[in-house]
Structure formats: structure tokens, C-alpha cells
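Number of protein chains: 2
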Amino acid sequence: MSDHIVKAYGEALDLLAGDIARMGGIAESQVNDALSAVMRRDTALAEAIIARDTKVDAAHKAVEKRCTTLLALRQPMANDLREVMAAWKISSDLERVGDLAKNIAKRTLVINQSDPIELMRGIERMGRMAATHLKQVLDSYSSRDVAPALAVWFQDEDIDAHYNSLFRELLTYMMEDPRTIGPCAHLLFIAKNIERIGDHSTNIAETVHYLVTGEEIASERPKADDSGRGD
Amino acid sequence: MSDHIVKAYGEALDLLAGDIARMGGIAESQVNDALSAVMRRDTALAEAIIARDTKVDAAHKAVEKRCTTLLALRQPMANDLREVMAAWKISSDLERVGDLAKNIAKRTLVINQSDPIELMRGIERMGRMAATHLKQVLDSYSSRDVAPALAVWFQDEDIDAHYNSLFRELLTYMMEDPRTIGPCAHLLFIAKNIERIGDHSTNIAETVHYLVTGEEIASERPKADDSGRGD
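Sequence lines, in order, name chains A and B. Plus 12 on top of the position in the first sequence (first one is 1) and you've got the working numbering. Plus 12 on top of the position in the second sequence (first one is 1) and you've got the working numbering.
Accuracy of the hints is not assured; some may be wrong.
Chain copies aren't distinguished; within one or between two, either way the pair holds.
Stated by the list, open to error - Pairs of lysine to any residue, SDA-like flavour, derived with a Cα cap of 25 angstroms: (1) Lys67 with Asp189; (2) Lys67 with Glu169; (3) Lys73 with Glu218; (4) Lys73 with Phe166; (5) Lys73 with Ala230; (6) Lys204 with Asn124; (7) Lys67 with Glu227; (8) Lys73 with Ile229; (9) Lys67 with Tyr222; (10) Lys77 with Arg156; (11) Lys67 with Leu27; (12) Lys67 with Glu228; (13) Lys147 with Arg180; (14) Lys73 with Gln167; (15) Lys67 with Asp45; (16) Lys204 with Thr80; (17) Lys73 with Ala163; (18) Lys77 with Leu162; (19) Lys77 with Ala230; (20) Lys147 with Ile38; (21) Lys204 with Gly134; (22) Lys67 with Ala230.
Calculated from the structure, these hints are not laboratory results.
Chain A extracted, bound-state conformation:
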């Protein structure tokens, strides 16, 4: 293979990694903004997030297209193939993260029509934890340093534990004041969405580990067990 082709090939992979970094940046903003919108009862921001979700979808389609082109025209092998498949998987996770942020924004619009609910601190704490994990796995992808990704993988149970206690608190709140059942039901789903964002960061951590080491993470992921929430 000529140097020219090798160089062009490395450039194509760099462009792909750049796509993922940009897409990750958008997804991160969407998550942070969605959390701000819920906390500040900010309807205008919620609407902006909903409108911006098309950007995440477009970035996802662009990554899929670049991956397909790379596979078809370059027929990558070994490490290079791993690069392409990792980008493909990470962009699928980021697309779902974008959907979850959009869903939080949509529910914010509904919640804002009712009186404020307490328990928002729990949502905020859990949300910031999920946002930090997302940032950490994306940094890990960019730097190819697997340590931060592994740390996220082991810490996901903290988010699960927060979700469990929030689930219980919200049910108690609803029972004490049935007028709050509507908005609290949406908060239950918002909490669930944040927990799912955490799961996607865990998926990305697994993909980065495989990309960098060529091996799957060996041990079983610790999981906060709680049959009470049925999850």
C-alpha cells in the first residue's frame, strides 16, 4: 500500500473521531441543558432542547454514513476496523442520550404547568453525576486512556442507588398529596431517563475499553440490587 493511501486512511479515521467528539459535545450540552431546564422550570430552554435534537440525529446519520463508506471503500482490518465499529456503536449510544435529554425537556414543559415539587435536589444530584460520567467516557474516547472509562463503568451503581431512593421518595410524596401524582409521574420518568443516560455512558465505557485494549471488560459490573423498583 502506498504512503499516500496510508496517510489518507489515517485522515479518514481522524475525521471519524472528530465527528464523534463533536456529536459527544452536542449530546453533553443537551443533557446539561435538560437538567438546567428541569431545575429552573425554564420552558424556553426546554423548547430549545427539543428543537436541537435534530442536530444529534443528523450527527448520528453522518457517522453511520462515514462508517459505511469507510467499510465499503477502505475495507479496514484489525485496529482500523475496531475504530470504525467503535464509532458506530458510540454514535448509537449518543443518539439515544439525545433522545433521553429531549424527553426530559418535553416532560419539563408538562411539569411547569403545575406547582413546584420538592425532591428536585435528588434529581439534580443524580443528573450531574450522569453528566459527569458522560463527559468522562467521551474524554476517555478522545485520549484513548481507558482508566476514566473503567472508573465510570464501576461507578454506575451509584446512579442506580440514587434512582432507587428517588423512586421511593417520589411514591411517598404522591401518596401524601395525590394532587402531585401527575407531575410526580413525569419526574419518575425523568429520573428513569437520567438512569438510562448513565447506562449509555457504561456502554460507551465498554466500547472504549474494547477499542483501546482489544478485550472486553472481564468482570461482572456491580449493580445496586433493589427488587422494590422492579428494575
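Assemble chain B onto chain A, guided by the hints.
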């Protein structure tokens, strides 16, 4: 390329399609059983579903492995590349369908500790619709006849409409009898899981359409709009 290689290559793709058909069969059973377990309050069946989820995960890993091997060793192009990428995507959707069925089963275990709730007919109707859609898109994948997949794609809004009315009914039920808040919260999530299974069938329909025609579905998917459920 020699006839021998061409033949072996076709066989490898047939094996891949066979993997998807088998995995689809398992995912379908898990969904049908999860619905039966909720409806019949069948704790033993729910536990069996939870245990069987490892089968879906193993099938997913096997498909990913076969796809990676095909891409690395055979470097497929055009239609063949589409076959591999379609299998990869469909197996990701089926893995999530398996997770959602497992989650329905876990919540069934919790719900069975409380008195029966009405409104189960709505869950059943919505669930059977989602199960039918899943079967239809998998048949479409096997037969390479895109018509049933397209029909599912256009009918997903029926599931969404069911979900909307069920969401409202469940909230009313909780307000009328706050003792039902716990189990009803789990039913809300079960309804959401069924709606998500419908979304995965829609994704599979899109993948089958792309696989068979080489084109994305052109029009916008009709979507039952309902800001009241924030989704």
C-alpha cells in the same frame, strides 16, 4: 473470485440471517411470555423470563462476533455489506427488546405482591399489538418482503395512542385510590416498556427497508402527538 469463495461467502451470510431469525424467535417468546406473566400474575413465569435474558444477550454477542469476523476476513461490499450492517443493527434492537421484556417480568414480581389492578385489558391490548409488530418485522426480514415492515412503520402510532390513553387512565386510578400508587407506578413503566418495544420494531422496519431497497424510508413517520404525556 473463485466459485468456491463466492459459495462460502453466501453461506456465511445465510448463517448470519439464521442467527437473526433464531435471536428474533427468542426475543418474541420473551415478549409474549412477559405479557402472559403480567396478565396471569404468574411469578414463576416472570422468574423464568428473567433467567432466560442471558440467552438474548449471548445471541447478541454471537451476531456481533460473526459480523466482525465477516467484515475483517471477507471485506464485503455493496449488498453484502448492507447484509452485515443490517444484522448488526437488528441484533442491537432485539437485545434491547429482550431487556424490556425482562424489565416487565421484574416489575411483575413487584406488582404481584399487591392486590390486582384493573386496567390490565389496556396493557394486554397494547402488548399484543407490539408483539404482532415485532413478529411482522422479523418475518419481513426473513422473506425480504418490505411491505409488512412498512405497514408496521405506519402503524406504530396506534401503539403510541394506546400508551397515551393508558397513561392517563393509570394516573386517574392512582388519584382515586392512593393505595394503588406503588403497583400503578410499575404499570406505567410496563406500558412505557411496551411502547419502547414498538419503537424497536419501527427501527427494525427501517433497517429492513434499507436492506431490501438500499434507500431510507422517505416520509416522516406519523406520530400520535400528545404533550400531556411529555413524550
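Results for each hint:
{"no.": "1", "hint": "Lys67 with Asp189", "in the structure": "neither (40 angstroms within a copy, 43 angstroms between copies)"}
{"no.": "2", "hint": "Lys67 with Glu169", "in the structure": "between (30 angstroms within a copy, 24 angstroms between copies)"}
{"no.": "3", "hint": "Lys73 with Glu218", "in the structure": "both (22 angstroms within a copy, 13 angstroms between copies)"}
{"no.": "4", "hint": "Lys73 with Phe166", "in the structure": "between (31 angstroms within a copy, 21 angstroms between copies)"}
{"no.": "5", "hint": "Lys73 with Ala230", "in the structure": "between (32 angstroms within a copy, 14 angstroms between copies)"}
{"no.": "6", "hint": "Lys204 with Asn124", "in the structure": "both (19 angstroms within a copy, 22 angstroms between copies)"}
{"no.": "7", "hint": "Lys67 with Glu227", "in the structure": "between (33 angstroms within a copy, 21 angstroms between copies)"}
{"no.": "8", "hint": "Lys73 with Ile229", "in the structure": "between (28 angstroms within a copy, 14 angstroms between copies)"}
{"no.": "9", "hint": "Lys67 with Tyr222", "in the structure": "between (28 angstroms within a copy, 22 angstroms between copies)"}
{"no.": "10", "hint": "Lys77 with Arg156", "in the structure": "both (23 angstroms within a copy, 23 angstroms between copies)"}
{"no.": "11", "hint": "Lys67 with Leu27", "in the structure": "within (18 angstroms within a copy, 37 angstroms between copies)"}
{"no.": "12", "hint": "Lys67 with Glu228", "in the structure": "between (31 angstroms within a copy, 18 angstroms between copies)"}
{"no.": "13", "hint": "Lys147 with Arg180", "in the structure": "neither (28 angstroms within a copy, 36 angstroms between copies)"}
{"no.": "14", "hint": "Lys73 with Gln167", "in the structure": "between (30 angstroms within a copy, 24 angstroms between copies)"}
{"no.": "15", "hint": "Lys67 with Asp45", "in the structure": "within (15 angstroms within a copy, 38 angstroms between copies)"}
{"no.": "16", "hint": "Lys204 with Thr80", "in the structure": "neither (33 angstroms within a copy, 33 angstroms between copies)"}
{"no.": "17", "hint": "Lys73 with Ala163", "in the structure": "between (30 angstroms within a copy, 23 angstroms between copies)"}
{"no.": "18", "hint": "Lys77 with Leu162", "in the structure": "between (29 angstroms within a copy, 22 angstroms between copies)"}
{"no.": "19", "hint": "Lys77 with Ala230", "in the structure": "between (32 angstroms within a copy, 16 angstroms between copies)"}
{"no.": "20", "hint": "Lys147 with Ile38", "in the structure": "within (11 angstroms within a copy, 36 angstroms between copies)"}
{"no.": "21", "hint": "Lys204 with Gly134", "in the structure": "both (13 angstroms within a copy, 23 angstroms between copies)"}
{"no.": "22", "hint": "Lys67 with Ala230", "in the structure": "between (35 angstroms within a copy, 19 angstroms between copies)"}
Hints 1, 13 and 16 from the earlier list are contradicted by this structure; the remaining hints agree with it.
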